[in-house]
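Chain by chain, the residues:
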Amino acid sequence: MELTYSLIGVIGTLAVSFIVSLLLPGIERKFIHARIQQRVGPPITSPGVMAPIKFFFKQTIDPVSPMPRLYNALPLISLIIIIILLLLLIPQMYFLGALASIIAIIGLLKVEEIMYMFMGSLSKSVLSVRMPFPDRAKGAAHPDTPRTFFEELSSLRAFRLIAFGSFPIYIALFVAVAMTGSLYLSDIIAYQQTNGPILFTLAGALGAIVFFIGYMILLNEYPFSILKGKPDVVEGPYLEYAAKYRAYVYITRGFLMFTLATLFATLFLGIAPNILNPSFIVTLIVALLFPMIMAVMSAFSPIFTYKQFYPTVAGVSIIGVVAIVAALL
Amino acid sequence: MDDKKENRTVIEAEVPMGTVHPGALEPYRLRLFVEDEIVRDAEMTVGVNHRGVERIMEGLPVEKANSLTEKICGICSNIHIWNSCRVGEIALGIEVPERAVYIRVIMGELERLHSHILYLAHGCEVLGHETFSMRLFYIRETVMELLRMIGGNRVQYGSAVLGGVRPRCELDEMRIQKLTEGMNLLEEGLNDFANRFVSDPMVMSRITGVGVTSPEDALRLACSGPTLRATGVELDLRTEMFEYDPFEYDVITEDDGDVKSQLLTRVFENFESIKIIRQAIRNLPDGPITNRSWEMQDTPITKSYIEAPRGTLYHSYALEDGRVRNCVIRTPSMANIGAMQYSAIGHHITDAQLCIVQCDPCFTCTDRAIQIIKR
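So the sequence lines, in the order shown, correspond to chains A and B.
Residue numbers for the first sequence follow the numbering used here, beginning at 1 and rising by one.
Residue numbers for the second sequence follow the numbering used here, beginning at 1001 and rising by one.
Note that these hints are calculated values from the structure, not bench results.
In this text the structure is predicted, and so the values were computed from the model without any measurement.
By construction, the Cβ of each residue, glycine as well, lies at the ideal position given by its N, Cα and C atoms.
Some hints could be false.
Over the 12 Å line for every Cβ pair with chain A, so calculated as not near, a few chain B residues [what the hints assert, rightly or not]:
#1 E1012
#2 G1052
#3 H1129
#4 V1161
#5 L1235
What follows is a set of in silico ranges between Cβ atoms, one per label pair, in the way DEER data are often shown [what the hints assert, rightly or not]:
#6 A:S46 x B:G1074: 26 to 32 Å
#7 B:E1240 x A:S46: 51 to 57 Å
#8 B:E1320 x A:A140: 36 to 42 Å
List time: in silico SDA-like cross-link candidates among lysine to any residue, alpha-carbon distance up to 20 Å [said to hold, decoys possible]:
#9 B:K1071 x B:R1325
#10 A:K228 x B:L1025
#11 A:K307 x B:E1035
#12 A:K307 x B:L1092
Produce the complete structure using the sequences and hints provided.
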């Protein structure tokens, strides 16, 4: 009987999360971006539901890639990683021990980030070097210079994000660890059930700010969208995804938005995602609030270049370190 | 200039962009030679959208040829037909009625407003600030509706004809009232935008000190229009055009020559255009709007320069049996291309597209016939 309840809990949580995550991009665009920009905006179901459905029925293209099958499989692998991440956050899965810990979560998030590097390095779209244009005509400047694809550029940027850009979110994760003295999610939740949510402490509040900036960086949202900026690398690693593979990209993004918000609710509010627990409504509220706040921020910001990106990340990381110190004290 | 010298020895990689690129909106090929994402040299190529308008104009009756020039550009269509008519009027000695001159100025300034606001919106879009971009398009909508009210269309107005303006473009009381209200609305919207724009620290951080062109280099690269004035050079062809003699306005200049200066020059020029339009509708003279009393005759090649929204626009042609011969057109973007390539050097790739856009390029109208001189 207990096993049945657990299964219902896990499957139900996953199903509801999936449905909500499909609606998040639409809510973000319809109610925030469009309202701020004084336009009607798309229907709520358009970006997250209808667009992927449409893409599933479209004819795909063959990417110009040394490993086209791997390239096309990467969005699906990303989606699976995020599903595993969400599974590990569900309390019924805490019996897995070390897998339901901060270390496992960081590992999965890192794998997710590395996917962008692979995507970028495996794609060679027609928008840059392959464009049939006589660049090497007589009189052209620097005719023998090695040429780079947009995706290679975004792959390099993904590496920089791994090395530097994702500091804030990982530091924010360790605020909860420093506060509770445990790497295990079950202990972190138990601590908060006894002492109240970490969010309502100084360290927790600072950590929440840092987490939110990290959330935006991980989602490549304006102003931190250096991986896929329209003025230079266009869609970056996603440039050659078409049809069902692009549908996976859209679904993955929505699911990542939901999973990161769930992670926040778990670490800073002590509420694990569980459909059998009424507090699951708080997780859903957090999952709705995060994209909304993110949309407000991105609507009023230009895209950052490294000149703005590095100081912002450094500043936020310092706040994160202060939060950890405050948590330890 | 020394700090911007291209590095020919150590160039790590080339990043080619276009001729189709969503950040550009116009067809051009840009080759950026980079080291660690910093542009060390740039090469821009145009010519993929050449339509041969001059060749089509060759042998056409002058009225038809004039209306064809309007198809050169979708943004500054009015200024092309105005300048083309101006060539014919100078060559044939046609005196344009004063009321028609005023209406041409109103149309010209409305077009400058819509071009500048479009430029600002595109600049904000390349910056990644979609909200500013959207709001500017809303502000621009007022101008587009005023242009449609006078010319009958939102893009091709066909207002200027040889000897004046089309009867469709006559300004009655109702239109003057709408123009007055439109200018008030526009001024309010632009003021609001300008205040928000300059007080946004993140936007300022993206555009200050980026894509700097010194006045000496701007002159050496033969820049014109707002692109030149944003470097501090006070040169506006409107001050030399008899059409603008009755109007009082300031020639806007900025000192820094960077993207910020380029954007602000256009913002402030918008207010000057509003000022000119207000004067024109207040002092609009009575009388006919077209002079029909002229005779066609053969003329030698005649030139006319005019201050288009983007800079100096050149048209020239000769007339033979009422038909156009030896037509040459040069658009301002052709002169500004040098500055676009030059200003991108030393900046990050993301800023490179901004450096191109800051010169307000219009490559489809720049794709003109060129004459290769063999030496």
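Check your understanding: Should the label of B:V1161 as a non-interface residue stand, given a Cβ cut-off of 12 Å to chain A?
Key -> Holds, because the least Cβ-Cβ distance between B:V1161 and chain A comes to about 38 Å, which exceeds 12 Å.
Practice item. Decide if the proposed pair is consistent with the structure: A:K307 and B:L1092, CA atoms, cutoff 20 Å inclusive. Key: Judged against 20 Å, a Cα distance of about 58 Å means the pair is violated.
Point to revise | Distance restraint hint 51 to 57 Å, applied to the beta-carbon atoms of B:E1240 and A:S46 | key: holds, 53 Å
Review point. Falls inside 36 to 42 Å, the C-beta gap from B:E1320 to A:A140?
Key: holds, 40 Å
**Study point:** Pair hint outcome, A:K307 versus B:E1035 [Cα-Cα no greater than 20 Å]
**Key:** The hint holds at about 16 Å.
Practice item. Can you let me know if the beta-carbon spacing of A:S46 and B:G1074 is within 26 to 32 Å? Key: Since A:S46 and B:G1074 have Cβ atoms about 29 Å apart, the given range 26 to 32 Å holds.
Review point. Regarding the assertion that B:H1129 does not contact chain A, is the least Cβ-Cβ distance greater than 12 Å?
Key: Given a closest Cβ separation of 4 Å, the condition is violated.
Practice item. Would you mind confirming whether the straight-line C-alpha gap from A:K228 to B:L1025 stays at or under 20 Å? Key: Within the cut-off at roughly 17 Å; holds.
Review point. B:K1071 and B:R1325: Cα distance at most 20 Å?
Key: Holds, because 19 Å separates the two Cα atoms, which is no more than 20 Å.
Practice item. Could you check that no beta carbon of chain A comes within 12 Å of the beta carbon of B:L1235? Key: Check passes; 30 Å lies beyond 12 Å.
Review point. B:G1052 clear of chain A by more than 12 Å, beta carbon to beta carbon?
Key: About 20 Å separates B:G1052 from the closest Cβ of chain A, which puts it past 12 Å; holds.
Point to revise | Minimum Cβ-Cβ distance from B:E1012 to chain A exceeds 12 Å | key: For B:E1012, whose nearest Cβ neighbour in chain A is about 8 Å away, the distance does not exceed 12 Å, so it is violated.
In terms of the numbered hints stated before, the structure departs from hints 1, 3 and 12, listed from lowest to highest.
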